[in-house]
Every structure is written in C-alpha cells, then in structure tokens.
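Q: For reference, the chains in residue letters:
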Amino acid sequence: MTARERAGALWRRLSWTWNPASERESGDAIVRNLWLHWFPAKIARASASWNYSLWLGVASVILFLILNVTGLLLMFFYVPSTERAYGSMKDLDYAVTLGWLLRNQHRWAAHAMVAVVFLHMARVFFTGAYRGQRAWNWLVGLALLLATLLASFTGYLLPWDQLAFWAVTVGTNIAREAPLIGGWIRFVLLGGSEIGQNALLRFYVLHVFFLPAIMWILFAYHMWRVRRDGGLAAVEPIRLARAVQPKAVPATKSYSLFGLTRGTSVVVRSSTELEEKDEVFSSPNLTRRLVLVFLIVFNVTLLWSLLAGAPLEEAANPAVTPNPAKAPWYFLWLQELVASTTIPIGGIRISGGLIGGIVVPGILLSVAAIWPWLDRSPADSEGVWFPPRRRRQNLTFTLIFAVIIALILIDVFLRGPYWHLYWPGTAWPTMPRSL
Amino acid sequence: MKATRRWFLGAVGKGSVALAFVVQLAAAARAFLPNVLYEPLKRFKLKQPDQYPQGYTFDADHRLFVVRDQERFHVISAVCTHLGCTVQWREDEFACPCHGSRFRSDGAVTGGPAPRPLPWYEVSLSPDGFLEVDSAEQVEQGFSFTPPKGKA
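Protein sequence lines correspond, in order, to chains V and G.
Letter by letter, the first sequence follows residues 1 to 435 in my numbering.
Letter by letter, the second sequence follows residues 1 to 152 in my numbering.
In short, the hints are calculated from the structure, not lab data.
Backbone N, C-alpha and C define an ideal beta-carbon position, used for all residues, glycine too.
One thing to keep in mind: the hints can contain errors.
Beta-carbon label-pair distances, calculated as ranges [said to hold, decoys possible]:
1. V:A115 with G:R43: 41 to 51 angstroms
2. G:L37 with V:F76: 29 to 39 angstroms
3. V:S22 with G:A11: 58 to 68 angstroms
4. G:V17 with V:R6: 57 to 67 angstroms
5. G:L37 with V:A220: 36 to 46 angstroms
6. V:K277 with G:A11: 56 to 66 angstroms
7. G:L37 with V:R433: 29 to 39 angstroms
Once the Cα atoms are required to be at most 25 angstroms apart in a straight line, the calculated DMTMM-like pairs of lysine to aspartate or glutamate come out as [to be verified]:
8. G:K2 with G:E91
9. G:K149 with G:E91
10. G:K42 with G:D128
11. G:K47 with G:E91
12. V:K326 with G:E93
13. G:K2 with G:E39
14. G:K42 with V:E83
15. G:K45 with V:D28
16. G:K14 with G:D50
17. G:K45 with G:E140
18. G:K47 with V:E194
19. G:K42 with V:E194
20. G:K42 with G:E91
21. G:K42 with G:D134
22. G:K47 with G:E137
23. V:K277 with V:D28
24. V:K326 with G:E137
25. V:K326 with V:E314
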C-alpha cells in the first residue's frame with residue numbers, strides 16, 4: 001500500500017461515522033462507536049430540524065464542554081489563595097503564552113452558556129415542550145439552570161478581584177437573610193464569619209469539582225429522559241396527526257436504570273410510533289450537524305476571546321467598594337430587585353436582600369417548576385412554535401422575560417455611582433477607585 | 001411483615017450498618033464548621049485620640065468611621081446594613097455604592113434599601129492611650145466617649 005492509499009484508508013476509518021455508504025453502516029456507525037452509542041440509530045426528521053430547537057441545548061452542552069476543557073487547563077495556572085489568586089490572573093494575561101486566550105475563552109464561554117441556557121428554556125416554553133411526561137425533564141432543566149448560575153457565580157469569585165470580593169460579600173449576605181438558618185448558611189459558605197481564605201477555597205472546590213460533577217450527572221439524566229420521553233416534542237404533532245397514541249407497554253429491563261424506573265422503555269417509545277419516512281439515520285444526519293454546531297460554537301467563543309479581554313477589576317480591597325459596584329449582566333436584574341424591594345411594615349423594614357434576593361427568585365422558580373401542571377392548553381399546541389391556543393401563556397412568559405431583560409438594561413446603562421439613575425447622555429461623576 | 005426473631009436480628013444488623021454509614025457522613029460534614037477562626041479580633045485599637053481631626057475619619061482597616069466632635073468621640077460602622085458594602089461619607093450623609101442606601105450623619109436610614117441604621121460601637125481608651133473599639137458591643141445612638149484629660 002502506498003502512503004497515499006494508507007492515508008486514504010485512515011481517512012475513511014475516521015470519517016466513516018459521518019459518511020456511511022449504506023443503511024447498515026449508518027446503524028453500525030452509531031451502535032459500534034463508543035461516543036455515539038448513546039444516540040438512537042434513527043431520529044425523527046422533525047427533531048433534527050434547525051428551526052424547531054435552534055439547537056440551543058446542544059450549544060449549551062458544547063459550551064459546557066469548552067468550559068470543562070479550558071477550566072481544567074486553567075487549574076494548572078491558578079492558585080486558590082487570597083494572596084496569589086489575583087496574581088494568577090495577571091500571570092495568565094501577561095506571563096503565560098496564550099494564557100489570556102485560555103482565560104478569555106473560559107470567561108466568554110461561561111457568559112454565552114448562561115445566555116444560551118436561558119434561551120433554551122425559552123424555546124422549550126414557547127414550543128410547549130414540557131407537557132405530559134416531559135414535565136419531569138423540565139424540572140431537571142431548571143436544576144441545570146440553577147447549577148449553571150451557581151457555577152458562573154463561583155467562577156467569577158476566583159480571580160479575587162473587586163468584582164469577586166463584593167460579589168461574595170453581597171451573595172453571602174443575601175444568604176444570611178434566609179429566615180432562621182441564614183446566619184448558619186453564611187457561616188458554612190464562608191467557613192467563618194469574615195470573607196477570607198476559607199471562603200475562596202470552598203468556592204473553588206465547588207466550582208472545579210462539585211458543580212461540574214452535578215451538572216454532568218444531571219446532563220446525562222436530561223439526555224436519557226429526552227429519549228425516554230420519545231425524542232423532542234417536535235414529533236408530537238406527527239403523532240397527533242396520525243392519531244397514534246403512545247401504547248401502554250409494560251416496563252422492560254433494558255434501559256431502565258437497573259430497573260429503578262417504571263414506564264415505557266426507550267426503545268418502545270422512540271422507534272415504534274413514527275413511520276419510516278418520518279425518520280432519518282442518526283449517522284450522518286445527527287452526527288454531521290453536531291460537528292457543525294460544535295465548530296460554530298467553538299469558533300464564536302474563540303473569535304470573541306480574540307477580540308475582547310475577559311473582565312478583571314482591581315485586586316480585592318475590603319476597604320473600598322467600587323462605585324457603582326455592578327454584578328455581571330445575568331445577575332443585574334437580581335441586583336435591581338434587592339436594591340428596590342425593601343418594604344417597611346409597621347416599625348420594621350424587611351430587607352430587599354430577603355424579598356428581592358430570596359422570596360422573588362424563589363417564587364419565580366416555584367412557578368416555573370409547577371407550570372407544566374398548570375398548563376391546560378390543548379394537545380395540538382405541543383411541539384410547535386407560538387401556537388395560537390397558548391397565546392396567553394406565551395405572553396406571560398414573554399412579559400417576565402422582558403421585565404428581566406429591561407431591569408438588566410436599566411442597570412447596565414442607567415445606574416451610576418451610588419446607584420443613582422443617570423439618563424443616557426448625562427455624564428457620571430468620576431469616583432475614586434482606591435483610597 | 002411477621003416480626004420473627006430472624007427478621008428482628010436481620011433488621012438490627014442491617015440497620016446498624018446503615019446508621020454507622022449515616023453517622024460517618026455527618027461526622028465528615030461536621031468538619032466544615034470550623035472550630036478555630038483565624039480572623040481579626042472584634043476588639044481592636046485605633047490611633048491615639050489627638051491624631052483624629054474634627055469630623056468624620058474613615059478607618060479602612062476596620063471599615064468604620066471615627067467621629068470627633070471637640071473632645072468627644074464615637075464610632076459608626078461603615079458596613080451597609082443592607083448587604084454589606086462599604087458606605088462612603090459625603091459631606092453630610094453616608095451613601096452606599098452597591099444598592100444606593102443612604103444614611104444620616106448619625107447612621108439613621110434616609111433612603112434606599114437598608115433595613116437598619118448603621119450600628120454604633122463602644123469606644124474606650126486603652127491603658128497605653130489609644131482609642132479602643134469593641135465591634136461586638138453595639139451602643140445606642142448618641143453614645144459618646146471623652147478621653148480623660150492628661151492621659152491622651
């Protein structure tokens with residue numbers, strides 16, 4: 001064999017999964033591949049559509065993957081010590097070859113992930129994809145959303161700059177507002193009563209191990225549920241059109257997590273109800289798109305990281321609070337809430353830390369969690385964008401989303417020193433950033 | 001379930017293994033409540049009374065204001081009672097950069113989300129002539145301390 005032929009053979013071996021020659025090869029490509037065997041051999045054409053899911057879930061997983069890889073690499077250059085953490089950032093930016101790129105990509109991928117996860121949630125809501133047995137996966141998704149926010153919060157603490165220090169201060173003081181156990185929670189989070197080495201180390205271990213581990217487990221479960229629930233909700237209109245109801249099939253041993261769960265098995269729901277013309281082979285239809293989405297997402301974060309540096313404020317300084325001190329954009333609406341929800345009742349004032357920091361987010365989360373059971377819209381409004389018979393629900397959700405975005409925009413552009421409102425065009429007074 | 005001796009002994013056996021496991025988990029969790037805190041003392045010395053000008057002086061190390069009115073002193077915390085940012089003195093009031101709380105010169109809330117007034121701390125004179133603050137001891141608004149003449 002010539003070198004050229006050997007290279008050709010190698011290329012066919014590597015690209016075989018994406019370029020199967022027959023239906024049998026398509027099936028084999030999924031089943032026999034370690035990385036692909038968790039996909040079904042065939043998926044509904046509707047599920048693979050770009051327009052239906054916008055591939056936001058896949059994009060958030062790819063961002064999470066990028067975060068894991070860049071994060072692991074960053075761990076070689078970061079010392080979780082209050083004395084050296086900030087120096088680690090400066091080393092990455094100025095002393096480590098391309099360290100700035102690593103740090104930028106980690107930070108921007110994190111920002112992107114928060115945004116994409118929120119958009120994914122909006123997509124699932126607008127398509128009514130949380131109904132029936134998919135309700136449980138909606139709850140898993142909410143848990144993943146919370147974990148994503150916690151991961152980003154613990155992440156931006158690690159540089160131990162001013163943003164980090166005042167975020168820990170405010171964040172743990174919101175926790176302190178929790179009734180009865182608030183003080184105890186703060187003490188455990190900080191590992192003491194003041195913000196110092198214990199706090200940094202605790203948030204570090206949460207960030208690099210516990211939160212990612214929880215997220216990978218939840219992610220695996222999220223994906224398994226998607227298959228168990230019969231694929232994306234995009235297939236429901238097809239099922240409905242054919243009046244094919246899910247058959248009551250007894251639980252089988254296969255795919256039932258050591259027999260712990262009951263209900264229809266994956267194989268039954270995903271393969272028997274759709275007709276052959278509704279389905280396509282996962283290889284290459286799914287795998288090619290996965291690669292394409294990966295390349296797009298990766299290159300967008302790369303380009304973003306080449307063009308913009310990750311934020312880094314002055315080193316943490318307990319004596320001086322930056323003026324104004326603003327959280328990252330995805331927490332600004334909460335900052336606006338805690339700043340404006342203190343209410344006087346009789347002689348006492350109930351702190352905005354409790355109302356805006358705990359009660360309001362708690363209510364929002366609870367309402368989101370029970371929404372699948374409040375939803376009474378008809379079956380034909382599942383798995384399609386903006387169905388007319390879900391208009392009121394979609395408007396409610398849009399309104400909440402719009403208020404959150406409006407609060408974020410107000411805080412980004414209009415809140416100046418001492419949290420005063422400054423209209424666009426008015427100059428902010430300059431405030432000293434150190435004593 | 002029939003409560004036979006075999007069932008009972010089996011339950012005691014499995015139960016004690018399970019209990020031992022749970023207790024070990026709790027024991028491991030207990031480590032996260034520190035027994036020793038390497039934190040600054042709540043009672044600390046400031047400068048000598050003479051070294052303070054009239055009016056409000058910010059002490060960055062301890063995050064408080066030393067207020068001197070003639071020979072009388074009092075100390076007001078600079079930690080916002082809302083969510084803990086450091087308030088700043090602006091000629092006639094305290095203002096917080098994080099969420100916009102404002103306080104009168106005596107610490108009373110005049111605006112923004114702060115739920116409580118800024119606390120006042122007990123001030124005394126250490127034997128070697130320095131102002132001494134006990135931040136674990138809050139005192140009423142209007143408290144003042146006049147260092148004895150000759151000592152300061």
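Q: Could you run down the list of hints and mark each one as holding or not?
A: Hint check:
Between V:A115 and G:R43 the CB atoms are about 48 angstroms apart, so this pair conforms to the stated range of 41 to 51 angstroms. Evaluation of the 29 to 39 angstroms hint for G:L37 and V:F76 yields a pass: the beta carbon distance comes to about 31 angstroms. At about 59 angstroms, the CB distance of V:S22 to G:A11 agrees with the hint of 58 to 68 angstroms. Between G:V17 and V:R6, the C-beta spacing of about 59 angstroms keeps the proposed range 57 to 67 angstroms intact.
Checked against the hint of 36 to 46 angstroms, the C-beta distance between G:L37 and V:A220 comes to roughly 40 angstroms, which is consistent with it. Between V:K277 and G:A11 the beta carbons are some 58 angstroms apart, a value that agrees with the proposed interval 56 to 66 angstroms. The hinted range of 29 to 39 angstroms is satisfied by G:L37 and V:R433, whose Cβ atoms lie roughly 30 angstroms apart. This hinted pair does not check out: G:K2 and G:E91 have alpha carbons roughly 81 angstroms apart, beyond 25 angstroms.
With a C-alpha separation of about 30 angstroms, the suggested pair G:K149 and G:E91 falls outside the 25 angstroms cut-off, and the hint is violated. Simply put, G:K42 and G:D128 have alpha-carbon atoms about 19 angstroms apart, close enough for the 25 angstroms limit, and the pair holds. Restraint check for G:K47 and G:E91: satisfied, since their Cα atoms lie roughly 23 angstroms apart, inside the 25 angstroms limit. At most 25 angstroms may separate the alpha-carbon atoms for a hinted pair to count; V:K326 and G:E93 meet this at roughly 22 angstroms.
Taken as a hint, the G:K2 and G:E39 pair is broken in the structure, with Cα atoms around 58 angstroms apart against an allowance of 25 angstroms. A hinted pair counts as satisfied when its Cα atoms are at most 25 angstroms apart, and G:K42 with V:E83 qualifies at roughly 23 angstroms. Of the supplied pair hints, the one linking G:K45 and V:D28 is violated, its CA atoms being roughly 76 angstroms apart against a limit of 25 angstroms. For the proposed pair G:K14 and G:D50, the alpha carbon gap of about 72 angstroms is over 25 angstroms, so the pair is violated.
Restraint check for G:K45 and G:E140: the C-alpha separation of about 21 angstroms stays at or below 25 angstroms, so the hint holds. At roughly 23 angstroms between alpha-carbon atoms, G:K47 and V:E194 fall within 25 angstroms of each other, so this suggested pair holds. With a CA separation close to 11 angstroms, the supplied pair G:K42 and V:E194 stays within the 25 angstroms bound. Our distance criterion of 25 angstroms between C-alpha atoms is broken by G:K42 and G:E91, whose separation comes to about 28 angstroms.
Straight-line distance between C-alpha atoms of G:K42 and G:D134 comes to about 6 angstroms, which keeps the hinted pair within the 25 angstroms bound. Straight-line distance between C-alpha atoms of G:K47 and G:E137 comes to about 19 angstroms, which keeps the hinted pair within the 25 angstroms bound. For a cut-off of 25 angstroms, the pair hint linking V:K277 to V:D28 stands: about 20 angstroms separates their Cα positions. Distance restraint check for V:K326 and G:E137: the Cα-Cα separation of roughly 32 angstroms exceeds the 25 angstroms cut-off, and the hinted pair is therefore not satisfied.
Between V:K326 and V:E314, the direct Cα distance comes to roughly 14 angstroms. Compliance with the 25 angstroms bound is thereby established for this hinted pair.
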